[in-house]
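Listed in order, the protein sequences are those of chains A and B.
First residue of the first sequence? That's 1 in my numbering, and the numbers climb one at a time after it.
First residue of the second sequence? That's 1 in my numbering, and the numbers climb one at a time after it.
Check the hints yourself; a few may be wrong.
To be verified - What follows is a set of in silico ranges between Cβ atoms, one per label pair, in the way DEER data are often shown: (1) VAL194(A) with PHE200(B): 51 to 59 Å; (2) MET167(A) with GLY264(B): 54 to 62 Å; (3) THR157(A) with LEU114(B): 52 to 60 Å.
Said to hold, decoys possible - Covered by chain B, according to a simulated footprint, are these stretches of chain A (three or more residues, beta-carbon under 8 Å): (4) 99–105; (5) 125–138; (6) 179–190.
Honestly, the hints are just simulated from the structure, not real lab data.
We put the beta carbon where it would ideally sit given N, CA and C, even for glycine.
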Amino acid sequence: MTTSQTMSLGEATTGFSARLRAALGRRTEWRAIILLVLVVVGALIFAPTVFTAYQVTLGFVALIGLIALGLTAVILMGELDLSVASTLAVSGVVMAMVPNIFLGVTLALLTGLVIGAVNAFFVVKVGINSFIATLGMLFALRGLAFVLSDAEPVPLTDIEAGISFGMPLIGPITPRIVLFVLVFIALHVFVTRVRAGREFYAVGGNRQAAYDAGIPVSRRLFTGFMISGFVAALAGVINTLELIAADPTAGSTALLASFAAAIIGGVALTGGRGSIVGTLLGALSLGILGVGLTLAGVQVDIQQIFIGSVLFIAVITDPASLRAAAGSVVTFLQSRKSQTAV
Amino acid sequence: MTETATPRETPTRQAPSETGPSQRRAALLQWIAERGIFVFTALLIVFAAIFVDGFASTVNITDVFHRAAPIGIVAVGMTFVVISGNYLDLSVVAQVATSAVIFIGVSNLYGIPLAVGLAVLVALLYGAVNGVAVGYFKANAVIVTLATTYVGLGLLRWLSGGSIFFGPPDGPIRAMGQIRIGPLPLSMIVLIVMALVLAFVLNRTTFGFMVRCVGSNKEATRLAGVSTPRVVLGAFVITALAAMIAGFVLAAFSNTAVSTMSSGFEFRALAAIIIGGTSVFGGRGSILRTLLGVVFVSVLTNILVLSNISFGWQQIAIGALIAAAVSVDALARRAAQ
Numbered sequence: 001m002t003t004s005q006t007m008s009l010g011e012a013t014t015g016f017s018a019r020l021r022a023a024l025g026r027r028t029e030w031r032a033i034i035l036l037v038l039v040v041v042g043a044l045i046f047a048p049t050v051f052t053a054y055q056v057t058l059g060f061v062a063l064i065g066l067i068a069l070g071l072t073a074v075i076l077m078g079e080l081d082l083s084v085a086s087t088l089a090v091s092g093v094v095m096a097m098v099p100n101i102f103l104g105v106t107l108a109l110l111t112g113l114v115i116g117a118v119n120a121f122f123v124v125k126v127g128i129n130s131f132i133a134t135l136g137m138l139f140a141l142r143g144l145a146f147v148l149s150d151a152e153p154v155p156l157t158d159i160e161a162g163i164s165f166g167m168p169l170i171g172p173i174t175p176r177i178v179l180f181v182l183v184f185i186a187l188h189v190f191v192t193r194v195r196a197g198r199e200f201y202a203v204g205g206n207r208q209a210a211y212d213a214g215i216p217v218s219r220r221l222f223t224g225f226m227i228s229g230f231v232a233a234l235a236g237v238i239n240t241l242e243l244i245a246a247d248p249t250a251g252s253t254a255l256l257a258s259f260a261a262a263i264i265g266g267v268a269l270t271g272g273r274g275s276i277v278g279t280l281l282g283a284l285s286l287g288i289l290g291v292g293l294t295l296a297g298v299q300v301d302i303q304q305i306f307i308g309s310v311l312f313i314a315v316i317t318d319p320a321s322l323r324a325a326a327g328s329v330v331t332f333l334q335s336r337k338s339q340t341a342v
Numbered sequence: 001m002t003e004t005a006t007p008r009e010t011p012t013r014q015a016p017s018e019t020g021p022s023q024r025r026a027a028l029l030q031w032i033a034e035r036g037i038f039v040f041t042a043l044l045i046v047f048a049a050i051f052v053d054g055f056a057s058t059v060n061i062t063d064v065f066h067r068a069a070p071i072g073i074v075a076v077g078m079t080f081v082v083i084s085g086n087y088l089d090l091s092v093v094a095q096v097a098t099s100a101v102i103f104i105g106v107s108n109l110y111g112i113p114l115a116v117g118l119a120v121l122v123a124l125l126y127g128a129v130n131g132v133a134v135g136y137f138k139a140n141a142v143i144v145t146l147a148t149t150y151v152g153l154g155l156l157r158w159l160s161g162g163s164i165f166f167g168p169p170d171g172p173i174r175a176m177g178q179i180r181i182g183p184l185p186l187s188m189i190v191l192i193v194m195a196l197v198l199a200f201v202l203n204r205t206t207f208g209f210m211v212r213c214v215g216s217n218k219e220a221t222r223l224a225g226v227s228t229p230r231v232v233l234g235a236f237v238i239t240a241l242a243a244m245i246a247g248f249v250l251a252a253f254s255n256t257a258v259s260t261m262s263s264g265f266e267f268r269a270l271a272a273i274i275i276g277g278t279s280v281f282g283g284r285g286s287i288l289r290t291l292l293g294v295v296f297v298s299v300l301t302n303i304l305v306l307s308n309i310s311f312g313w314q315q316i317a318i319g320a321l322i323a324a325a326v327s328v329d330a331l332a333r334r335a336a337q
């Protein structure tokens, strides 16, 4: 948008500053950067231990960031996957139920892929809005996790594998952080460098145009939901390994934070805009916020208020939302003016 | 409580001239989407009465009424949000619990009038925050109400300390919960009155007409000179007031209130609305349908409980029913085009 405006104004588009401005105007991560700066400054003042205890902070960032990365793939196409919460729980339980650890991990990841495919089936083939389809899955899968686990945490059979998984590899780097970084790089390369991933933006930006341009929209949607399901299952596997047990009610605050991370990272819910880097920035700021609040001794209820508020602010400060609200104000002022004129 | 048909839908209902298997399938799907709930609810009740031990007893029916009433009150209110095309209001969970805790906790300290006044203020605040964000900021209703749920429940647990509030054993709230007219507890009477009032609002007032218009074609409604954000705001305020009344009823029934007492309400209310045949695409639905959906979901849950089927399976069954109902709606819509 900025590019076309600069061109129409007749300014030099070849100059360095113009190109810089155009490049910056295209970015969508502004809100994540603002939040990150606020959170870092806040943490430096109120809870500087966040940075000395960076091992904890990194672990928490990886926890909420991983699910957010998978979600981003779906949101880029203008859909949403609310079922990631329950996918995490179900795949964790599946993994803990299988005695052999390798078979367990494989089955858990497969569960994630199947759940993603079922979500995509409802959205693509049946034509249900993804908000409702995945909300139904959220509740049904939570029930499935309860049924499979008999409503109790399932202990992992291979405890040693779990303990060795929680150990740092080099310095503070645990396998969880390594996996998070790998997923980040893979998804970033996928949506910026691979053709199928680039087409996610087209599907989200204008679905009809994407059809007309010959993009296999259904297949892209299936890919997106399966990525989201797979990554949620991976998060479930990591949680199970680190806790040495699978909890059918697995953590809800972290999941709310993952939605907030993706949305504040500039990923527009209407699709077609956003980036994996933005989600990473969102996850970083929410991770620091979460750990900072914990270390500052803030109780869990108030943390929930904070993260819920961030999600609320994130969703209403979306540029499209701000434009809509501004439009309402303008209409209101105009109607006032015309009334006084009469 | 007549069936709500919106102007836009009339032409699409007319069957094209040629007939074939796909035509018959479309007709069947449309029949299920429109009339299915009436037949299925009747069949379910007959099935339960014949085959399920202990279903057709006065004690059990009263129990079903007690459990159905608060969810039904939430559902008839939330029908407005669904018909206006904004999916649902997840934050009813927080709203019902907050209202119940205020009703018992505050009236213990300052008396009932002040408690009711405070509850009304909180309900209006919920309705305003959700409605302004979804209406004026055009933000997604699922995400907005997910955020307000967490903020609301966090505030409630923080301020109430997560503790259970008991009303005095001989107080007026306790007496209210005991009122019974024939087999009907007061909560069912409240539900019936709410349903009649809201059906009148939806079918016979300009505001109700606007809600249906916004749900079926928002852009056309806006071009006709209607402030669509204000209509959406109104739908959320109605939902919030209904959730507040559901909180009163829930608190009066057990004479206790705690922040977790309404968990699962959003899911069951949505299930009732959707299974009743109100379209999640907006514009089509009725209060009568929601009431039938409440009956269906409550009777089904009761059958599952009487048959010793665990909570997990109940959750799966209702989730699958939601998926089936939405699929029928979506496929019927597609077949009609």
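Hint by hint, here is what the structure shows:
no. : hint                                 : in the structure
1   : VAL194(A) with PHE200(B): 51 to 59 Å : 57 Å, holds
2   : MET167(A) with GLY264(B): 54 to 62 Å : 39 Å, violated
3   : THR157(A) with LEU114(B): 52 to 60 Å : 57 Å, holds
4   : 99–105                               : violated (count 0)
5   : 125–138                              : holds (count 10)
6   : 179–190                              : violated (count 0)
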